[in-house]
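S.K.: Chain by chain, the residues:
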Amino acid sequence: MTPLLISVNPGNIDQNALVITIVGYVTVFLVLAAMVILFIEAHRIQDYLANRSRKKESGKEIQEKQELQKITGDENAAICTALYLYFTELHDEEKYVMTVRKVSRTYSPWSSKIYGIFNNLKHW
Amino acid sequence: MIYLLKLNDDQNPKSTTSIIRSQMKRKLIKSLPVFLLFLFILLANTSFAAMIDVARLWKDTGFHNLQMGNLLMICFGILLIFLAIKFEYKPLILIPMGVGIIIGNIPFAHEANYPLGIYKEGSVMNYLYMGVLKGIYPSLIFLGIGAMTDFSSLISNPKLMLLGAAAQVGIFVTFLGAMILGFPLQESGAIALIGGADGNTAIFLSSQLANGLRTLPDGTIVQNLIGPIAIAAYIYMALVPIIQPPIMKLLTTKKERLMRMKPPRSVSRREKIAFSLVGLLLTAFIAPGALPLLGMFFFGNILKESGVTKQLAGTASTILIDIVAILIGVTVGASTQADVFLKPQSILIFFLGAVAFMVATAGGVIFAKVMNLFLKKENRINPLVGSAGVAAVPDSAQVSQRMGQKEDPTNHLLGHAMAPNIAGVIGSAITAGLLMGFIL
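Residue numbers (the numbering used here), protein chains in the order written: chain S, 1 to 124; chain C, 1 to 440.
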């Protein structure tokens, strides 16, 4: 191991290093500030768009309600039967992966295969 | 069978076995001189060659090649494992790293030319180390982090992102500090990233700038500082709960610590996807050097938020990141061979790392206080959240939460603190890209 020699010399900071420090820090700040501004504004734009679409939808809903009132009883019955048949035919979605779960039981002398009633018998 | 034939009918089995044993013993004793004679002839013929082999075997052992430095490093590796198990300081990285340090410091005969050491071309560890040298592992870890990250807190309160930018002051102060202490420009750039409190980014940049392969303008080769930088970064990340609280307490008043923040609004999936895309484009266009990190980071997040690639996001955030964490930990640990690591520079790097962490923490807290001067009362930020601007995810955010709860157990700051925390990750990666662009 070489001896520890600390040479503190502020003169080592050249112009290049200073430029890197200042430009680098300012750039990081600006990039994140740009994202801040972008997302504050994006939120406003999104709110505006959401409000506009809500207004449109409310206009459409009135029209749809009026159209719905025109459906006859026969048509309603047909839709209900179709829905009933569709839902009664549905199966639960099953997993396609089979897993074998290993169940390890805690040891008990009652189910032991080591000890049995014939243990003390001598086999000749 | 031969023995059994000699038995009488009235003899019991117990006595039969003892008879067999005694007869076998007698036979062995009789054959012993013949065996010894055979051994003597064999040794007489091969003794010289065998002695040479034994001597070579001894020279190859770790005991013969052991040096004080190796022993010190092995103890250091064991200490890291102990810290990870006993105090649970970053166990997912410190245990692989601790074992890696032990593996890397097992001494062997270098002149034997075995493909063993991490720096020996063609060895298994050397192949694994390529992932560090080429910046592959940090990029993959960023993919996993991206797939785990939720940008909700960041999007709901975007101004908290500025705290992440403010905490990057640690990087630039360390950069200047390293220059003052006499490190050349490339090495200073690599060391500076310890201040970002993000081990992966630090490894990435040191693998590009201080990998022991590049040459300086004066013709000397840049030192390989990947090991010391990575270990300093991860140790300080593990020590975040010890380093940060005193600084946070020192810079804030009780009233400020009790401050409650406005609860975050709910964020739509569309906003999250837009954030990832905008973030990727903006950061990559400004700092293309950070593309391997930020590209993967935002890619991972798009996998998660798109909602149609759950399997890929699940793999990236669990299995893949675990595999890479194992590999990066072991290889970075193994790269700290005593002859590379035990240098005065390593001590300086550890010292600079500590300063960097403190400056970064202070930078975040002070900037939060400055921001409060310009914000409306209901939008003010608890300055404890500012310290989470360092990129140690989620440790520094947890420190903010704990500090806040100490003063008021009903004040939950974690959700707010995650925003500057993630911004810190993005900020440190941008800084790494910028430093690469400037220095390389």
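Hints in this document: simulated from the structure, not taken from any laboratory.
Hints may be right or wrong, so weigh each one.
Some chain C residues flagged as far from chain S (calculated, every beta-carbon gap over 12 angstroms) [claimed, not checked]:
no., residue
1, Asp60
2, Gly122
3, Leu128
4, Gly131
5, Ala274
6, Leu282
7, Ile326
Derived EDC-like pairs: lysine to aspartate or glutamate, alpha-carbon spacing no greater than 20 angstroms straight-line [stated by the list, open to error]:
no., chain 1, residue 1, chain 2, residue 2
8, C, Lys376, S, Asp74
9, C, Lys406, C, Asp218
10, C, Lys159, C, Glu88
11, C, Lys254, C, Glu378
12, C, Lys369, C, Glu407
13, C, Lys255, C, Glu407
14, C, Lys159, S, Asp47
15, C, Lys255, C, Glu121
16, C, Lys159, S, Glu41
Listed below are several chain C residues computed to face chain S (Cβ distance under 8 angstroms; list not exhaustive) [to be verified]:
no., residue
17, Phe38
18, Leu277
19, Val278
20, Gly427
Given the structure is predicted, the values throughout are model-derived calculations rather than measurements.
Note that beta-carbon positions come from the ideal geometry of N, C-alpha and C, so glycine has one too.
S.K.: Now tell me, hint by hint, if it's right for this structure.
M.R.: Each hint, compared with the structure:
1. Asp60: It holds; Asp60(C) is separated from chain S by about 25 angstroms at its closest Cβ, greater than 12 angstroms.
2. Gly122: holds (29 angstroms)
3. Leu128: Label holds. Min Cβ-Cβ 28 angstroms, cutoff 12 angstroms.
4. Gly131: holds (27 angstroms)
5. Ala274: Check fails; 7 angstroms does not lie beyond 12 angstroms.
6. Leu282: Violated, since 6 angstroms does not exceed 12 angstroms.
7. Ile326: The assertion about Ile326(C) holds, with a minimum of 25 angstroms to chain S.
8. Lys376(C) / Asp74(S): Violated - the C-alpha atoms of Asp74(S) and Lys376(C) are around 62 angstroms apart, more than 20 angstroms.
9. Lys406(C) / Asp218(C): violated (54 angstroms)
10. Lys159(C) / Glu88(C): violated (33 angstroms)
11. Lys254(C) / Glu378(C): holds (18 angstroms)
12. Lys369(C) / Glu407(C): The given pair, whose Cα atoms are some 18 angstroms apart, holds under the 20 angstroms limit.
13. Lys255(C) / Glu407(C): holds (9 angstroms)
14. Lys159(C) / Asp47(S): Distance of about 18 angstroms is within 20 angstroms: holds.
15. Lys255(C) / Glu121(C): violated (60 angstroms)
16. Lys159(C) / Glu41(S): holds (12 angstroms)
17. Phe38: violated (41 angstroms)
18. Leu277: violated (11 angstroms)
19. Val278: Val278(C) check passes; min Cβ-Cβ to chain S is 6 angstroms, inside 8 angstroms.
20. Gly427: This hint holds: Gly427(C) lies near chain S, its Cβ roughly 5 angstroms from the closest one there, short of 8 angstroms.
Comparing the model with each numbered hint stated earlier shows that hints 5, 6, 8, 9, 10, 15, 17, 18 do not hold.
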